[in-house]
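Chemist: In case you want the letters, here they are:
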Amino acid sequence: NAGVTQTPKFQVLKTGQSMTLQCAQDMNHNSMYWYRQDPGMGLRLIYYSASEGTTDKGEVPNGYNVSRLNKREFSLRLESAAPSQTSVYFCASSEVGGSSNEQFFGPGTRLTVL
Amino acid sequence: AQRVTQPEKLLSVFKGAPVELKCNYSYSGSPELFWYVQYSRQRLQLLLRHISRESIKGFTADLNKGETSFHLKKPFAQEEDSAMYYCALGSRLTFGTGTRLTIIP
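Sequence lines, in order, name chains Z and X. Just so it is clear: in the first sequence, position 31 is 31 by the working numbering, and no numbers are missing. Just so it is clear: in the second sequence, position 86 is 86 by the working numbering, and no numbers are missing.
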């Protein structure tokens with residue numbers, strides 16, 4: 001099992017460009033999440049999907065959109081990238097969204113917006 | 001609003017010495033607390049959760065509701081404990097800013 005996979009690993013964009021970060025999990029998990037990690041700020045939740053067909057905003061959703069394409073895949077889209085979106089992005093999944101359920105993380109995507 | 005505070009960005013401890021990583025939280029209600037760890041070149045992974053009351057890799061953490069704390073402790077540090085440690089709260093995980101632990105040989 002690959003667990004949670006993310007593509008690409010690295011990306012450089014110019015301000016105003018768009019791109020989609022891909023995430024897939026092979027653990028048959030219901031819930032999936034997108035976080036961003038910035039120096040000195042820990043990880044912050046951007047969007048999550050409690051189950052296939054549902055998505056909800058997290059702490060920092062502005063400038064992002066998500067799509068839960070199916071149970072396996074959860075993508076994050078930047079329609080018009082800004083330098084403030086330079087960050088490391090992590091996707092995670094869990095069996096369900098409850099408190100006792102461990103979240104499994106992907107390796108991260110390092111995004112730079114110039 | 002829920003919040004997690006990890007006051008130490010960096011912590012260096014000699015091998016064999018006790019380790020304590022501090023975590024304080026703000027939450028109205030019954031908190032769900034976790035410690036996640038990221039070793040060099042590895043993914044972020046769960047270390048332990050308060051609901052399990054378990055000891056993983058020699059680490060323990062006790063929830064103190066009176067002090068709103070969930071400090072991570074280990075009696076004797078090992079070199080392989082060097083990593084980034086995050087305290088997290090809730091089912092959708094509000095993370096603290098993390099503590100980088102370095103074990104000095």
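To be clear, the hints were calculated from the coordinates, so they are not data collected in a lab. Keep in mind that a hint or two might mislead.
Interface residues of chain Z toward chain X, partial, derived using beta-carbon atoms under 8 Å [as the list claims (entries may be wrong)]:
id, residue
1, L13
2, G40
3, G106
Note that the Cβ used here is the ideal one computed from N, Cα and C, for glycine as well.
Chemist: Taking the hints in turn, state whether each one holds.
Modeler: For each hint, the structure was consulted:
Violation of the interface hint for L13 of chain Z is found here, the shortest Cβ-Cβ separation to chain X being roughly 24 Å, above the 8 Å cut-off. A hinted interface residue such as G40 of chain Z counts as satisfied when its beta carbon comes closer than 8 Å to some beta carbon of chain X; here the least separation is about 6 Å, so the hint holds. With its C-beta approaching chain X no nearer than about 7 Å, G106 of chain Z sits inside the 8 Å limit, and its interface hint holds.
The structure shown violates just one earlier hint, number 1.
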